[in-house]
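Asks: This is what each chain is made of:
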Amino acid sequence: MTTTHTKTISPRQQVAPAGPEFSRIVLGLWRLGDWKMTPQQRVSFLEQALALGITTVDQADIYGNYLSETLLGEALALAPHLRRQLQFVSKCGIKLVSDQRPSHGIQHYDTSTAHIIASAEQSLRAMQIEQLDLLLIHRPDPLMHADDMAEAFRQLQASGKVKHFGVSNFTTAQFDLLNSRFPLVTNQIELSLLHMQPLLDGSLDQCQRLRIAPMIWSALGGGQLMLPANEQTEQGQRVSLALQRIAGELDVSPSVVALAWILKHPASPMVLTGSGRIAAVAEAVQATGVQLSREQWFALWSASAGKNVD
Amino acid sequence: MTTTHTKTISPRQQVAPAGPEFSRIVLGLWRLGDWKMTPQQRVSFLEQALALGITTVDQADIYGNYLSETLLGEALALAPHLRRQLQFVSKCGIKLVSDQRPSHGIQHYDTSTAHIIASAEQSLRAMQIEQLDLLLIHRPDPLMHADDMAEAFRQLQASGKVKHFGVSNFTTAQFDLLNSRFPLVTNQIELSLLHMQPLLDGSLDQCQRLRIAPMIWSALGGGQLMLPANEQTEQGQRVSLALQRIAGELDVSPSVVALAWILKHPASPMVLTGSGRIAAVAEAVQATGVQLSREQWFALWSASAGKNVD
Amino acid sequence: MTTTHTKTISPRQQVAPAGPEFSRIVLGLWRLGDWKMTPQQRVSFLEQALALGITTVDQADIYGNYLSETLLGEALALAPHLRRQLQFVSKCGIKLVSDQRPSHGIQHYDTSTAHIIASAEQSLRAMQIEQLDLLLIHRPDPLMHADDMAEAFRQLQASGKVKHFGVSNFTTAQFDLLNSRFPLVTNQIELSLLHMQPLLDGSLDQCQRLRIAPMIWSALGGGQLMLPANEQTEQGQRVSLALQRIAGELDVSPSVVALAWILKHPASPMVLTGSGRIAAVAEAVQATGVQLSREQWFALWSASAGKNVD
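Chains as they are written, first to last, in the UniProt record's numbering: chain A, 1 to 310; chain B, 1 to 310; chain C, 1 to 310.
Do not take every clue at face value.
Said to hold, decoys possible - Below, a list of computed lysine to aspartate or glutamate pairs in the EDC-like style, where the Cα atoms sit at most 20 Å apart: (1) Lys264(C) / Asp147(B); (2) Lys264(B) / Asp147(A); (3) Lys163(B) / Asp147(B).
Simulated from the structure, these hints should not be mistaken for laboratory data.
All figures in this text were calculated on a predicted structure; none of them were measured in a lab.
Model the full structure from these sequences, guided by the hints.
Replies: Next up, the structure:
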């Protein structure tokens, strides 16, 4: 990573025609609890992210065994001015077996009106904020009753508790169903050079058609792309080699290239970070300033697919 | 099965916004010929079903080697008053190689205008009735000409011979095609704890989106779920164990639980029975009164999938 | 092939409601370069095709290592009157590694506004014509930016350089995406008795629903269907046997039967030829006059699938 690039600021974009405007890079707080930060360190982390132009943070009720939102809330209580500078995304719909939720007997989904509302309200309390900018249904519940879910969305919107609604990990048919009852602004999905399926299964086509920007999780393949070669699959080795080559051409790190590969997609994806190291977060922001050529993009595609395009 | 439950009456429901109202449990007469009933026994069977609130019967031209509709017709001739109390579903589009149809040289589909009309008229004659409440295209014919089929539907509707139209075993794309030419009121599909594919392939999402209630065949996995453990697959064994556990909790039979699992789906499926034993039919009706909890529903899902939800 | 049949003339058909009218059989010039024809022989070949009612020729920028369009252009320069009698289809979007395009470092796709326009203009120059009747996007580019592509289409249409637009090898989701921005008139896809996937994957359902006639490439399975039995797969052997039997019944060649099998589909496909022998082209035209019965069609389907329909 060269010093010239580190000053890049994350651009912002409209998530959907009637959706919010988010920073292109979104601070993922899935593992906030693992980072063992003091409340003040969490404040610093958020301030450093803001300095990089990252205004949007991604949470879920269940992250960190139901505790990650509380850790964020402690930081916001210490630094209340951050609330106005940040946009908050959270999720609901999964019920984990957890000491924090002793009533749950088996891991399952709950997308009932009552649970969606209760979960959103609990997220607000835990994060010590008054409004979510975006609430996502975390998984496609096979029992999802679209009218009941839309009813929960309407109530949460009417009470000012949640501004916008979306989903995560939905197939196109599942998205069409819920979107027919309530306008969704995003689908948060997995996409990386080790998981190119959304390029083919219609997810990204649907997003682009509806002018809805997807949010991308596991953009670095859960970190696998950064493992030593001998701990990687054949596919991982091919992709890593291609990343290194192009990283050399562009004088950036392989991670930056891997994220720039996602950011080039015409559906205009937003990318979630996963790290608690601000340097890793800065690399994601840096990627927003890197333009891969089509040849570079397809060299990476081909390394992942193990063949050239037809 | 406890005596308390056996008095449940099948509820009724709207099949589609402009569709008929059917009983939630539908009497499947696929194997009527196998039951070796006298015409009077068939009348009694229908009367017992009616006493359980089952007003809808499901037939097809080809059932029982093209003879099942005739067996039903004999009963209706003996008890003409039943005609006004029952709603009749039949199907067409498959041409079996059969001594009853000596002109057929190979099993194939025929969804031509002429065949659909001729088959519906033959079903009316065989069943000795004047109108079908619902005619289904039995299989997605790769040669289906949607305009020709819609023309058959219009003629059958105009002549009063068939009130509503639907399909069976159609993919979502096939449904969209025919539905673009003529409004379909249902898709009759296979769904059970041994066949959960429609939860993922978009079929049930499409039904719910269009507010069309699916009809479910093979809801007990073709009876496999009720086999002794040593005759079952690993999946079947897992599901059977879970069914037995929950059956114990609810003081009903495992079959009732398996059907309640289907009935809980938000697409509001109607369930076809398959048995000639009125006790088995009564169990299906009983299932309409059983509410599984979400945890029970997902315990069964997990037993079938061999894993918890993500 | 019997002499009686050889006088068949290819019928014409509307490709889409607002699309062009093409000959049902389309002269595929993919391998024009392999045929080693003199310019005058190319003129003769086109004239013989026209005498068979074939008015539409299919090209692509990349055919014959970027040279096939030029070979056609040389013929049209010799016989300028043919331009008014023919309709020209070409394609763009693939960038091959080629001595003709030394700047390409890796095989990739390019569906940028600039490349689509430049490629269409180059096709016009190479073919020495002033207008394309139809320009297709050759492959579904994972980087396709639908608005940018629509912009290219609008500019090419406004300048009179291209009349209509379509795609090739697109999934239904990819088609929906681009069609949402600009009305497409066709999807050119592979279909044959050795490749029946489009019967199931929604492609042909979508075409029929939108009243868009697909164009079919590799209709004879890339010639595999005509190999000696011992060079064929088991599937190929089954299909060949069935083709021979039905060819005998109808007194035509197996190739004619294989093409009639495609032409019977209700999506009203147009079939591309692949041969430089006018006799082979005439067989394709002959197929337009052959009506397979449903039993014959399904006998071929069953031979390909290795089973009867359900």
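Asks: All hints, please: hold or fail.
Replies: A quick look at each hint next to the structure:
1. Simply put, Lys264(C) and Asp147(B) have alpha-carbon atoms about 15 Å apart, close enough for the 20 Å limit, and the pair holds.
2. For the suggested pair Lys264(B) and Asp147(A), the alpha carbons sit about 15 Å apart, so the restraint of at most 20 Å is met.
3. For the given pair, Lys163(B) sits about 18 Å from Asp147(B) by alpha-carbon distance, which is consistent with the 20 Å threshold.
Consistency with the previously given hints is maintained throughout, with no hint failing.
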